[in-house]
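The lines below spell out each chain.
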Amino acid sequence: MTTKHLELEQVGIDFPTPKGPFTALQDVNLKMSKGEFVSLIGHSGCGKSTVLNIIAGLHQATTGGVILDGAEVRTPGPERAVVFQNHSLLPWLSVYKNVELAVKSTMRGKSKAEMRDWILHNLELVHMTHALDKLPSEISGGMKQRVGIARALAMEPKVLLMDEPFGALDALTRAHLQDSLMEIHADLGNTVIMITHDVDEAVLLSDRIVMMNNGPAATIGEILDIDLPRPRDRLALADNPQYNHYRHEVLTFLYEKQKKVETVSSHVKSESKKHKTEASSEKKDSNNSDAA
Amino acid sequence: MSKMTTILRIPSATPSSNPVLSRIVQSTPALLLPIIGLLLFLAIWNGVAKSIDTSLGQFPGPAQVLEQAGALVDEHAAQREKADAFYERQETRNAARVAQDPSYVPKIREFTGAPTFFDQIWTSLYTVMVGFFIASVVAVPVGILCGLSKSAYTAINPLIQLFKPVSPLAWLPLVTMVVSALYVSDEPAFSKSFVTSAFTVSLCCLWPTLINTAVGVSNIDKDLLNVSKVLRLTPFAHLTKIVLPSSIPMIFTGLRLSLGIGWMVLIAAEMLAQNPGLGKFVWDEFQNGSSESLARIMVAVLTIGAIGFVLDRLMLSIQRAVSWDKSSVLR
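Heads up: the protein sequence lines correspond to chains A and B, in order. Basically my numbering = 1-based index in the first sequence + 27. Basically my numbering = 1-based index in the second sequence + 38.
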């Protein structure tokens with residue numbers, strides 16, 4: 028981890044509110060090397076998605092910045108492909124055409140045959156070549172997410188950004204997709220940043236787990252190196268003491284150090300409500316700032 | 039309504055061994071209920087009509103209206119025969135003159151008989167379509183612009199709100215004068231009354247399409263917009279791949295509303311502009327004031343309603359054809 032590939036330098040973001048700017052993130056610093064798999068974990072509303080959106084260029088940092096391969100990025104681009112939580116496939120395009128749209132807009136100047144091969148190759152990676160002409164509404168949630176990943180991979184991104192990609196899937200489908208993702212990561216060696224709520228998922232997939240403090244003014248709390256040999260096998264790891272130790276660390280961070288206040292006493296409850304409204308206002312603001 | 043359907047379905051739920059019969063029985067409420075409604079309406083109409091005496095005689099009941107509908111069809115046929123006879127006479131006359139004098143260039147004159155009810159229906163349809171087309175060509179792009187750009191919307195919205203509630207009757211005198219002033223030609227391709235009516239229809243058709251298009255475009259799923267940003271789609275690709283497909287349902291909702299309004303507006307416009315369509319038919323019958331006039335107007339009313347309904351269904355089927363979401367229920 029010596030080469031600097033992707034750097035987050037003192038990243039902070041303020042969202043304007045009627046009561047003045049609301050600081051959602053502050054002093055986020057992270058250096059990643061090529062091919063690294065990093066998970067962001069934290070309670071809802073802590074700004075994980077905001078971090079990802081800043082790296083994607085969909086939000087602009089108020090302070091600090093994101094540097095990819097020595098150049099600052101502030102606008103979205105295909106070298107930082109995003110896999111969205113709810114797949115975000117265009118519902119009026121077939122599986123093939125959805126990937127084709129990404130290929131056409133990122134690989135201009137290639138021949139038709141080359142493009143077709145590339146589209147099929149990426150759909151092959153996620154095992155979706157059997158449903159080329161299906162519309163997104165005709166395939167299952169897991170399949171949609173596979174196509175979403177194929178679309179992102181087809182852009183040949185330097186960094187693959189995944190916003191809770193498996194959050195909306197059932198446990199079995201999720202496990203399948205995690206295995207697929209591990210295979211793909213082993214094959215292609217993309218740099219991956221993934222947001223997750225799932226501790227097992229984070230430990231299983233990541234080289235490092237970035238644990239975030241609760242907002243407002245959220246920042247990175249702890250970073251945990253996951254030193255487990257690859258390829259990893261979920262069954263073998265289930266009894267692995269090292270694996271369980273990592274899980275324990277993350278759980279301790281989430282449920283002791285950064286306990287989300289939702290306990291019995293009424294005073295604390297009103298506190299937590301405040302927290303929630305702030306979190307939701309943060310989301311609203313992010314919408315506004317994009318619309319403007 | 040749904041309650042009634044279930045109640046009526048209960049007897050039809052008895053299992054039947056004959057598949058054809060059971061299908062007929064199953065679809066009975068769907069067929070039966072509208073017929074019951076129609077018969078009730080006719081009965082009430084008939085009863086009420088008898089007790090209304092106007093200066094033009096008794097208000098027409100269903101029987102008189104049916105009779106006049108038949109009369110209108112007969113008049114149409116008679117007029118067609120006259121026209122055919124006229125053209126035949128003209129042809130023989132011209133042939134005779136050419137035989138006498140080979141240098142003679144025959145004059146072909148149009149038949150100038152009064153337009154029949156069906157000619158007037160056709161004129162009305164043509165007029166409304168032209169007006170609706172002009173309005174759509176303007177409203178859809180402007181609506182897309184308003185949906186895409188908040189500043190454009192803020193700039194145009196007050197104008198929309200100001201002109202949307204204006205009645206066609208208020209526009210008509212202005213449109214008439216403007217058309218008279220600007221549409222000057224020795225051999226006009228369209229009559230002034232036609233241009234005036236079509237343009238008035240356009241003015242009233244603009245707004246629903248414009249507003250619905252703007253709402254549809256501004257409500258595109260944010261994730262899809264993000265996809266477009268990440269892919270760095272060109273503005274044209276963004277428009278054709280993301281914006282248009284996702285706002286097609288709303289655009290068509292607007293177009294259907296517009297066409298409905300346009301059809302209503304047209305009748306009023308034709309009455310005042312004297313465009314030879316259904317509106318003029320109603321007006322002329324009203325001025326004519328014979329004992330059959332009210333029944334003939336009632337025929338026109340029912341025709342207007344039926345055509346409006348057919349136009350709406352037509353738009354609905356186009357909407358179904360172009361909409362990507364075949365599972366959505368359109369009604």
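Hint data in this document are derived by calculation from the structure and do not stem from the laboratory. Misleading hints may appear alongside valid ones.
What the hints assert, rightly or not - Once the Cα atoms are required to be at most 27 angstroms apart in a straight line, the calculated DSS-like pairs of lysine-lysine come out as:
no., chain 1, residue 1, chain 2, residue 2
1, B, K120, A, K161
2, B, K267, A, K185
3, B, K267, A, K124
4, A, K124, A, K61
Status of the hints after comparison with the structure:
no.	hint	result
1	B/K120 <-> A/K161	violated, 60 angstroms
2	B/K267 <-> A/K185	holds, 17 angstroms
3	B/K267 <-> A/K124	holds, 18 angstroms
4	A/K124 <-> A/K61	violated, 30 angstroms
Going through the hint list in order, the structure does not satisfy hints 1 and 4.
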